[in-house]
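Visitor: Sequence:
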Amino acid sequence: MKLAIIGCGEVGRLYAEAAAAEFELVLCDAYPSPAAKELAGRLGVELKDAIGPWLGEVDRVWACVTGDVAVSVAEQAGAHLSPGAVYVDLSTANSADKRSAAAHLKGLGIGYADVAIMGAVGLTGVRTNLLAAGEQAQVALEDFTVLGAPARALADAQPGDAIALKLLRTVLTKGLEALGVEALIAAERQGVREELYQVLSDIDTEGFTSFLNAVVRTHVVHAERRFHEVDRAIAALDEAGLPSSVLAGTRERYQQTVQARTTHTPDPAVAETIDSAVTWLLETSSTTSVHP
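Take 0 as the starting number for the sequence shown in numbering that gives the first Met the number 0 and just add one per residue.
Simulated from the structure, these hints should not be mistaken for lab results.
Careful, some of the hints might be misleading.
In silico lysine to aspartate or glutamate, EDC-like type, Cα no more than 16 Å apart, as pairs [to be verified]:
(1) Lys1 <-> Glu56
(2) Lys36 <-> Glu16
(3) Lys1 <-> Glu74
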């Protein structure tokens, strides 16, 4: 089976390395880096610098491009792919763009799978979790399973559904990353970074999902007290000479909940389950805005 990997950044190179022994492989990158050229030479595979008629002989495409060019690349590839080929979009394009690309390719008789990478390939390599959606999701899973990549498909899902979950994950993980940067450099400045790890050990004990549900559930009840705690944390970072940019948004989220409680007083039972807490937060978030 002939596979083309378009885009030879970190993701493309990772999967190319793993796929070389299982597929007849060709790489494509308009601006190949030295690392991409070295990989192609080491694997003994061709490195194309442009999408073209050569794609007509390809059975699979794995598009490892940036989200901003995902639709354009899919359209360019579709002009050359043969009907029956399967196009696997591993980009971080948004849901609407993935649906657009899928519809365009379907009109040409080309299969499409939306595959979202649920983790950091720089940390977990080919063992990084993959989530697939779309009519050809199962085909994509079978191909990645051959490489030892853990992958699953969303049931009854359309293109764009997998990346939607990826971007929701990003809301949490990138927010935590930014907060982690602020917390760890402030802890280092104050000489207490190792102790900070110790006082975070309860999260390790409970497990992250349990911790997340617990803080969101009790947020409904304790938002005002925690709002003032955030203010004190902001002041502490200011005093350390490391003003926070992330906590300002955190403060606004708490302020929104505090304001919502004054106009939509929750029943105490709302905080008893994560389902009822999230429902209340969703309903009040759509009707409440924070005013300076």
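Visitor: Now look at each hint and say whether the structure bears it out.
Guide: Each hint, compared with the structure:
Annotation: proposed proximity of Lys1 to Glu56 holds, straight-line Cα distance about 7 Å (limit 16 Å). Proposed proximity of Lys36 and Glu16 is supported: the alpha carbons are some 13 Å apart, at most 16 Å. At roughly 20 Å between alpha-carbon atoms, Lys1 and Glu74 are farther apart than 16 Å, so this suggested pair is violated.
Violation of the numbered hints given earlier is confined to hint 3; every other hint is satisfied by the structure.
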